[in-house]
Amino acid sequence: MANDKIDLTVEPGEIHALLGENGAGKSTLMNVLYGLLQPDDGEIVVDGTVMSFKSPRDAIAAGIGMVHQHFMLVPVFTVAENVMLGHEQTSGGPVGFLDRRRARRELIEVSRRYGLDVDPDAIVEDLPVGVQQRVEIVKALTRQVDLLILDEPTAALTPQEIDELLAVMRTLEESGKSIVFITHKLKEVKAIADRITVIRRGRTVETTTPDASEEQLAALMVGRSVILKVDKDRARPGDTVLEVTGLTVYDERGHRAVDGVDFEVRAGEVLGVAGVQGNGQTELVEAIMGLRPPRTGTVRVAGRDVTGARTKDILHSGVGYIPEDRSVDGLVRDFTVAENLVLDVYDRPPYGSGLRLNPDAITAGATETIQRFDVRTRSAEAPVSTLSGGNQQKVIVAREMSRPLKLLVAAQPTRGVDVGSIEFIHAQVIAERDSGAGVLLVSSELDEVMSVADRVAVMYRGKILAIVSPDTPREDIGLLMAGVSPDE
Amino acid sequence: MSEGAGAAAPGPERSGGKAPPEAPRERATHRAGSEPTFLQRFLRNIWSANTVTVTVLAIVLAMVIGAILIIVSDPEVLAAFGYFFAAPGSALRESWAVVSDAYANLLKGAIVDPAAVQGAINGTNSWELVFQSISETLTYAAPLIFTGLAVALAFRGGLFNIGAQGQAILGAIGAGVLGFALNLPLLLHMIVALIGAVFAGALWGFVPGYLKARTGAHEVITTIMLNYVALLFLSWLIIQEGIQDPGRSDAISKPVDSDSYLIDLPGPSLRANLGMVFGVLACAGVAWLLGRSTFGFELRAVGSNPDAARTAGMSVTRTYVLTMVVSGALAGLGGAALVLGTAHNLTVLVVGQIGFNGILVALLGRAKPWGVLLAALLFGALQAGGNRMQSYSGISVELVTVLQALIVLFIAAPAFVKTIFQLRAARAARLETSLAKGW
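So the sequences go chain by chain: G and A. Read in our numbering, the first sequence has 195 at position 195, and its numbers run on one by one without any break. Read in our numbering, the second sequence has 1098 at position 98, and its numbers run on one by one without any break.
Treat the hints with care, as some may be off.
[Stated by the list, open to error] Which bits of chain G does chain A cover? Going by a derived footprint, with three or more residues having C-beta under 8 Å, they are:
# : stretch
1 : 301-312
2 : 316-329
3 : 333-341
[To be verified] Cβ pair distances, simulated, as ranges:
# : chain 1 : residue 1 : chain 2 : residue 2 : range
4 : G       : Glu368    : A       : Leu1061   : 26 to 36 Å
5 : A       : Trp1047   : G       : Asp119    : 52 to 62 Å
6 : A       : Ala1217   : G       : Thr367    : 55 to 65 Å
7 : A       : Ala1405   : G       : Val50     : 50 to 60 Å
8 : A       : Trp1047   : G       : Glu11     : 31 to 41 Å
These are computed hints drawn from the structure, not numbers from a lab. Here a beta-carbon is modelled for each residue, glycine too, at the ideal position from N, C-alpha and C.
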């Protein structure tokens, strides 16, 4: 059961934040509201009328619109074409011509009325993410919706774009639209929401106001008090453990994803890589790990050149790797927890040597690791797919950190993970740092980078624009993330 | 129009076009690897079924359909059904008589004939006759164990080895040629011939494995092609001078040296031979390989999630090649079991259909070594019993082929259908969300 007797009331002209951890049931609730799922019990009342939505079309007809986390726009179409798509106006009868002019006129009218500035003739793929999102919102508004559901709208935005989005939301609120704002980011909720409904494990925990402190909101989300700040001492950097020079990497489409990057990570420090997703972070990490051949440049781990080396050799030379997508690259779904815990050390003693595998040692090792890293599982022999997302991530963290490391490469280590597990994983990363390993932390969550890292490298279009202190104001880092160099 | 809109609005993650660098990079998170392939889903579905109940039901259901086929193919019984309303009893009686006679002979031919037991006790026939049926069953089962294991192992490694047939043919050639070309002492000759089969089969598995690893050529296509190549090579080979039996004008090779025979276990009058023993050993070997070897760990990891395997430092391409080599070697042993065990000559049809039946055996055995053993025994029993059914009840042995096919169909079809529906559901869900997102 994803939703258990949830109550949610949204008043006209209010911004209502729906706050909850991943897997708390936020998306399920919204999919019910939007007609994608049918409730087993309970009802949806719009303006005093009980409604039943069989499909999103019914929901739109009732005035409910939704902007998903991942936009659905045709990249090669213009803004106007995207807005009219699915809602085409024709002139001259049922098999007439597309009435582009009317669509364009409607679009301009809506964007004027709500101050949503978009160029109707721009090609969508040329627009920044923040503007693409605005197109989605305009698209919803041309369908005359009264209630707009925004699902994690800030996930892919730079801090400046987030500010613009919040301003747009305020404009809409003033013109009488209601907004349901789904998020797990406490700062944004406090900044914009009129009321906040917190849900946990499919139940409504409380509806509160933004006067509640971040700590209180986090505690409501998790069900216990949490430490939001990462507890750490000053870094004591030692020798260089990772040295990247002139690294250039191409992606599978032949684009230069990483463009001449230089940096180093010292033992005992965390270097955070901030940046909006898709600016080459994935390719950078894959090149370091030997998963993607670099075009030029070198990668040195603890002084040894490992450019183009096999992934296995890099891992075995004391590098731990937390890949950014655990279900694709991190875990073998059909394997047990124990087998996943040795996925990159199964061929080394005591787990195996030569052709011989030692299942008893694997189980014994797993039992100990599960305890040490507090992985919640029925047993070491349970398939890893039966674990929650946070515990699956802990399996990867446990696997990589249960051997001595010189360098830890952590890509999005807390994506899609509950607050409790985030706390735990951050503590583990800091512990690894304090035991003398260098850490390269790549994250598109700026908060995560700023609270965990000792130095912050900002990546934009494959380049590292600057390496700054985590005490740098958010606005300055935000500008860097948007590609504005400090010296410009 | 919104269907059209949804379909035409694949969104940035599937556009493949040149998105600006700041667009969310969906490719990494939406790669093909994040969704299980058809084969992975299919195997998962086959495993998730209650194997014992489903298998028993499938066998019973196949027998019922087989009974109907027996009835409709018998003109006399069919004639009795012409008077069904006048004398329903006679039609049913006759149907029962013919079906029960056929299936009784099937059982007698597969397991044991009670008359032979009686005769042995009374001293009218030898005890060997008692074991005749079970010996035939084991004889037919042995090659199927090898090809079944070959296909099952490839399944576990995420590969669909349709080429067990060709690999078995190569194995038969390897064993056969070494069997008549050399002159070695007993046992040693057999071992050398078997090693020849292993190498020949492994070579025929290596080629598609290497092509897949190197160029990405799909193993289903390449193995099917290589089946033809193997068959045509065999047809050509056995009419060449030095290979063809000089005393014969038809396409048949010289007989293999009797020192290379797989030794008949119980005695010369029974056909069961060492092949069965090697088959059981191979099952144990594959079980060990899959569960207790580092190679098996790699094989299963690559078969289940190649992306994660690669990220953990395994070589996916090397594992594909090795999997196909081992699979081919096993299938090659299947061919050798026929040549050295029963046929003793190379002919065009020497390996029969063991490669393709191996696919059925692997499916029926749920791609698990000991499951393959049981499935091969069942298929062997049906084949042995079918021979007796043909000669004693006059029912074509082809009925057995129908029964085998039906059993596998009833087991594999639900998983197959479920997989198709899952894929359609997954696609529908994607379409639905894209509809939602595209308004």
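Each hint, compared with the structure:
Here the stretch 301-312 of chain G counts 3 residues with a CB under 8 Å from a CB of chain A, which clears the bar of 3, and the coverage holds. Restraint check on the stretch 316-329 of chain G versus chain A: 8 residues with Cβ-Cβ distances below 8 Å, three needed, restraint holds. Counting residues of the stretch 333-341 of chain G whose CB lies closer than 8 Å to any CB of chain A gives 4, so the stated coverage by that chain holds, three being the minimum. Restraint check, G/Glu368 to A/Leu1061: a C-beta distance of roughly 49 Å breaks the suggested window 26 to 36 Å.
Hint check: A/Trp1047 to G/Asp119, Cβ distance near 55 Å, so the stated range 52 to 62 Å holds. The hinted range of 55 to 65 Å is not satisfied by A/Ala1217 and G/Thr367, whose Cβ atoms lie roughly 43 Å apart. Between A/Ala1405 and G/Val50 the C-beta distance comes to about 55 Å, which sits within the given range of 50 to 60 Å. Hint check: A/Trp1047 to G/Glu11, Cβ distance near 52 Å, so the stated range 31 to 41 Å is violated.
Hint violations for this structure: numbers 4, 6 and 8, all remaining hints satisfied.
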